[in-house]
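Spelled out, the chains give:
Number of protein chains: 4
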Amino acid sequence: MHNKKELRIGLIGRGLMARTHTNAYKRIGDFFPELEYRPVLKAVCARSEDKIKEFAEQWGYESYETDWKALIARDDIDAVDICTPNSTHAEIAIAAAEAGKMILCEKPLSRTVEEGQRMVDAINKAGVKNTVWYNYRRVPAVTLIKQIVDSGKLGRIFHYRANFLQDWTISPELPQGGEALWRLDAATAGSGVTGDLLAHCIDTAMWLNGGITDVSAMTETFIKERVHQESGKVQKVNIDDACVFHCHFANGSLGLFEATRYARGHKALYTLEINGEHASLRWDLHDMNHLEYFDHDDDSVVRGWRSILVTDSDQPYMKRWWIPGTSIGYEHSFIHQAADFFKSLEGNEPCAPTFKDALETQKVCEAVLESASSRAWKDTQVEW
Amino acid sequence: MHNKKELRIGLIGRGLMARTHTNAYKRIGDFFPELEYRPVLKAVCARSEDKIKEFAEQWGYESYETDWKALIARDDIDAVDICTPNSTHAEIAIAAAEAGKMILCEKPLSRTVEEGQRMVDAINKAGVKNTVWYNYRRVPAVTLIKQIVDSGKLGRIFHYRANFLQDWTISPELPQGGEALWRLDAATAGSGVTGDLLAHCIDTAMWLNGGITDVSAMTETFIKERVHQESGKVQKVNIDDACVFHCHFANGSLGLFEATRYARGHKALYTLEINGEHASLRWDLHDMNHLEYFDHDDDSVVRGWRSILVTDSDQPYMKRWWIPGTSIGYEHSFIHQAADFFKSLEGNEPCAPTFKDALETQKVCEAVLESASSRAWKDTQVEW
Amino acid sequence: MHNKKELRIGLIGRGLMARTHTNAYKRIGDFFPELEYRPVLKAVCARSEDKIKEFAEQWGYESYETDWKALIARDDIDAVDICTPNSTHAEIAIAAAEAGKMILCEKPLSRTVEEGQRMVDAINKAGVKNTVWYNYRRVPAVTLIKQIVDSGKLGRIFHYRANFLQDWTISPELPQGGEALWRLDAATAGSGVTGDLLAHCIDTAMWLNGGITDVSAMTETFIKERVHQESGKVQKVNIDDACVFHCHFANGSLGLFEATRYARGHKALYTLEINGEHASLRWDLHDMNHLEYFDHDDDSVVRGWRSILVTDSDQPYMKRWWIPGTSIGYEHSFIHQAADFFKSLEGNEPCAPTFKDALETQKVCEAVLESASSRAWKDTQVEW
Amino acid sequence: MHNKKELRIGLIGRGLMARTHTNAYKRIGDFFPELEYRPVLKAVCARSEDKIKEFAEQWGYESYETDWKALIARDDIDAVDICTPNSTHAEIAIAAAEAGKMILCEKPLSRTVEEGQRMVDAINKAGVKNTVWYNYRRVPAVTLIKQIVDSGKLGRIFHYRANFLQDWTISPELPQGGEALWRLDAATAGSGVTGDLLAHCIDTAMWLNGGITDVSAMTETFIKERVHQESGKVQKVNIDDACVFHCHFANGSLGLFEATRYARGHKALYTLEINGEHASLRWDLHDMNHLEYFDHDDDSVVRGWRSILVTDSDQPYMKRWWIPGTSIGYEHSFIHQAADFFKSLEGNEPCAPTFKDALETQKVCEAVLESASSRAWKDTQVEW
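Protein chains in written order, with this note's numbering: chain A, 1 to 384; chain B, 1 to 384; chain C, 1 to 384; chain D, 1 to 384.
If you're looking for bench data, these hints aren't it; they were derived computationally from the structure. Some clues are possibly wrong.
[Unchecked claim] DSS-like, lysine-lysine: derived pairs with alpha carbons at most 27 Å apart: (1) B:K224 - B:K267; (2) C:K26 - C:K42; (3) D:K4 - A:K26; (4) D:K51 - D:K4; (5) B:K26 - C:K69; (6) C:K125 - B:K26; (7) C:K343 - B:K26; (8) B:K4 - C:K146; (9) C:K146 - C:K5; (10) D:K5 - D:K236; (11) C:K69 - B:K319; (12) C:K343 - B:K51; (13) A:K4 - D:K319; (14) A:K26 - D:K69; (15) A:K146 - A:K125; (16) C:K69 - C:K125; (17) C:K26 - B:K42; (18) B:K125 - B:K356; (19) A:K319 - D:K53; (20) D:K4 - D:K343; (21) B:K146 - B:K4; (22) B:K343 - B:K319; (23) D:K42 - D:K236; (24) D:K343 - A:K51; (25) A:K146 - A:K4; (26) C:K153 - C:K125; (27) B:K4 - C:K69; (28) D:K51 - A:K343; (29) D:K267 - D:K69; (30) D:K267 - A:K319; (31) A:K4 - A:K26; (32) D:K343 - A:K53.
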């Protein structure tokens, strides 16, 4: 371990994603011992000194900052990890790129395509390593879907459908805005479920099934007004509480997507299914170690959906972990992405999804929101 | 039994629905002994004398006809059951109404709203009993959903979603048209999955959640040409192989619907889910005796989706059958509808869904197809 | 139909099994039209004239009797169907055999091996057709298990396990005995869950996996006293409320069985699983149209338990019914057995399980009860 | 963090359990920041210097030893963690106790009751902290079962059943013995599935449902001979490949247990179910974040098994982790146990299961093996 090259991390933020990313950095050495680089938790940054000091102590960062510009200015930081609300991604990322830092940015890339394009331009100009934390690609069952799709096993694809169902904003008493609830404030988040949840579904979908060409969408804001935590006043809610859209993929298949925070009984039910000529696959996050697979080539009398428990050493990432039959959790998708990013440093290859990939997802999100507001189909301009 | 009043049935058709309806008539006496009327299988009708004679013998019809007009003209027929391809529903139903017969018509009501409106006008003018076989309303688990929704338990409704997934037309070798495959011929069927599958979803949805006001749809024909069994030639396929749409309900909730015959691995997977403020419900046809129910009022640490095995005597229709834990099947939904129709004769009440109800479903279907072809939202004109 | 040979049925009983058997007879003509014999519901018999008259009218029997000896004495009865409490099986069956009647007897065959042996002797002497209604063999998914096992696919068998879990006798307020609750009265039933539930599990097990050689069992009576409905007094409960046993099969595999009426939440959960060297199978009655199948020969990364929806026309019995994806229910297992019995009349073959087969099940049941009371292993003396 | 008291760990072993325990120590600081003690990975020990050096580097141990006696002799070790094969537990633990070290011992405690009793005597004499890694108690869903049972919600308990099904030793080509396969060598392991798998089931069972009083068991060795990796010769296999037993609990309920490594299709399927008068609970390791719960007090028409996704902050341990709907894995059960052990240091309370608790499990295991070999019921002598 002592011969490893160091990659010094400066992480901005102290919320849920700051925790999942930090945990990922702390574990890759144990589980991916062959990596040539090792992370050093150099500094973490947030505006509240009390809170970021506590965070740094708990998680073992060597130092902390209260101004992200100071963090970026430090010479002892190689990579900046952006875990802040969406409204700050562009400014921080562009500054970090200009400072020559590698960037690991939490999803969604940006609030808008315009912001995202500027971010892509900045990293292109700077030539810095970059990745966006669309972590679900690295759930082993989802990675296995990718392998099966790429094998050609499915044949022609007819359908792709995904939804992401939650229920945590149903109460009208829930306020909007502020540190904990910025996801309900459009100015900070950019959008509601479209950027928060559908962006995940779209990233996975285009990775698995290619570009989305045009979309027809509908959004709804069920609770029209909520107290804003910053003003203390009842204000109009500007985010989309729910969003559904259908679309065409470039390969001729049909897509159907839905996200909502008003589906009582579902906590984080990200579900996807792909139907091909010869086989189908489906998966959901509430049962994340299982993959459902239907193979029409099986003998007809014993043909059925297979429930594959993805815990064997010949399945993606699983040789890193325990023994067949024992499962891993949500956090492991981040560990896998961190490991893949570190691996990518050795070979000078990009670590997908890059900022460019994430910008394509942003284009779909924006087309979806425009389609909903105009009640018309929209082309996405996606390059995939 | 011998004191019961007779209802003399004349059934037109000899396919799958002729069998499910005939089976229903033959069983209601055993399982609904309190009914005042009993069915008499007076006559069955199809063009092929050999085949209809065999059908009549197998199923116990007293006689057969080879011309539906002859059947309608008979004085010893009280009710006409229409189990023929969609293209013939209007003509037969209108003639039967004019002859003063009660009518039980297989779904969908018609190919078009125009046809359906003429059928409704005819039965209104004649004042005859009528019903349309949207059988899934009478699956006990689905009837139980209706009871729970009507109790107000769900509170404000946010989402309704349904799909109907099949995979039987994926092979390009499958021809279109003819006796067995008229569902692939738009001239006979009116449409593809929209009238065949989505019509079921729409009927249940409006029954449970009220009227659909406007729709935005997309259709696709994956296999563009197939041999036509009548001409023997390769011809353009005119039906929709797949159809998805989103919509608004009059109560402010959002709807999402999908049907396809290209979802590999699904045979007849009709799935529906409704999300309300306080509770959610979901059901699917492949597991038709179970109802999934989530009640947010349960204590939080033990809150979860309940899998309700709908086989107890206090659940809809189940006191008619066996013992708790023992299931019933697809055919029972038809038996229940037949029993409800016979019961409705006693009280002079309509037996829903009536022709009028089914016309509203037709309006949604037609708006869906128009939306898809025009790539624009359409109002449905539904009166619910 | 009019050219069919008649088989005139005399059925004794008017409870649940009288209904399932009668329903079976009434439907085989519609769904198995090729049968050379057709049932005629000649007479039904029970002690209460009011009730049996009503039953006969509801179900369409031509006549009724109030004394089973009178029924057996009738010349116009070809086959006697015994649906009475267990304590009467032996006397009725022996008399029926002596009268030269075919016999269809509800399970279990008898209360004891001694009774069962006399019944077997009687039918052997009389040379009459016979069968016992262990209906679960004819659930299509279970029949499919038999086909897969017989194909040799599983290789060497290691484990067979089955349980039958109910919860309907948990309340101490429930009385014992009388017409409705004779299953709680050992004098009438012979035993509790052993004869009622485990007998089903044992019949299926030996059919699928061969003879059981020796058993070690434990029984329990949780509620020690209940009001007896005949005496009106609190009396000791003599039945086994629960019974578990493990055993060896002749093929060297291990068996594990459990039945109870005290498993809160389970209505009629008959579950079985068989583990072989190359494949495993499992099934349960609450989801009776699905079969779970694991094939170790599948490619390792996509290997998993398959959920086979047994509704296709190439799966056992299913070409008789509707379309792929649409399920059948509990009652169909009886219809299939009735059809198989009628078919067996054409070829002069036995219709398994015969009285002889059912006697072997009785031997296991008796060994189980003896093992439990003696707290020692018992050999079964099964000939299989 | 820097003000925390140190607990200096010396871990013996370098296999799977060495990894799960080490991972646990490394994570409790991040997720249980309030703990007063923090682990210091002082030394790790195994016979192969090359391998233990590599292990120490990968996992961050400060030093390594190749002789466990040297490790125990070190003054800078506070607690010894025993992750070696079963045959060494007693000797190491007794020496560690005599050296005044705290002991965390991997399960099962010992090969025999005699060994285990000496271990208990030693820790009692030394008065040292001790725990045994029966990790499944700390799966949140299992801990939640304990809370529900302790609340009295279930009422009188009737049934407890558990099994642990694997399939990894089916091939006769698999050798026995040696470093990787000592679990197949009775001299090292003590027993086969009884100590390896049933011990887990028994520990959980007595924790949830109280003491087991007497048992009746059956074992089997399906593959009689295997090459031994140490001798290179074909030798008799002495372990139990499969073991089933039924038993009584002190509370009057019935128990049914099964473990095997020959259940094709199951990797690590630990399943448990408890049936009470008013409610039932079940859980399995392949779906470890879900708990199934049936509450008979629910309204009858909507009563059903609830599938509780145990990921909310008011459920055991889950406030430590991510957000509702996102799961944790196998390794977290060890993290929870490590955290509870460290917490127990603060209050001077025992950390269950202690050596004494684990000895009671050992008594049941031994009674099971004796029952199987003698084909007779055995009393367990458990004190619970």
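Hint-by-hint comparison with the structure:
no.: 1; hint: B:K224 - B:K267; result: holds, 22 Å
no.: 2; hint: C:K26 - C:K42; result: holds, 12 Å
no.: 3; hint: D:K4 - A:K26; result: holds, 20 Å
no.: 4; hint: D:K51 - D:K4; result: violated, 32 Å
no.: 5; hint: B:K26 - C:K69; result: violated, 32 Å
no.: 6; hint: C:K125 - B:K26; result: violated, 40 Å
no.: 7; hint: C:K343 - B:K26; result: holds, 23 Å
no.: 8; hint: B:K4 - C:K146; result: violated, 46 Å
no.: 9; hint: C:K146 - C:K5; result: violated, 31 Å
no.: 10; hint: D:K5 - D:K236; result: violated, 51 Å
no.: 11; hint: C:K69 - B:K319; result: violated, 33 Å
no.: 12; hint: C:K343 - B:K51; result: holds, 24 Å
no.: 13; hint: A:K4 - D:K319; result: violated, 35 Å
no.: 14; hint: A:K26 - D:K69; result: violated, 32 Å
no.: 15; hint: A:K146 - A:K125; result: violated, 31 Å
no.: 16; hint: C:K69 - C:K125; result: holds, 20 Å
no.: 17; hint: C:K26 - B:K42; result: holds, 19 Å
no.: 18; hint: B:K125 - B:K356; result: holds, 13 Å
no.: 19; hint: A:K319 - D:K53; result: holds, 21 Å
no.: 20; hint: D:K4 - D:K343; result: holds, 13 Å
no.: 21; hint: B:K146 - B:K4; result: violated, 31 Å
no.: 22; hint: B:K343 - B:K319; result: holds, 16 Å
no.: 23; hint: D:K42 - D:K236; result: violated, 41 Å
no.: 24; hint: D:K343 - A:K51; result: holds, 24 Å
no.: 25; hint: A:K146 - A:K4; result: violated, 31 Å
no.: 26; hint: C:K153 - C:K125; result: violated, 40 Å
no.: 27; hint: B:K4 - C:K69; result: violated, 33 Å
no.: 28; hint: D:K51 - A:K343; result: holds, 24 Å
no.: 29; hint: D:K267 - D:K69; result: violated, 36 Å
no.: 30; hint: D:K267 - A:K319; result: holds, 15 Å
no.: 31; hint: A:K4 - A:K26; result: holds, 15 Å
no.: 32; hint: D:K343 - A:K53; result: holds, 24 Å
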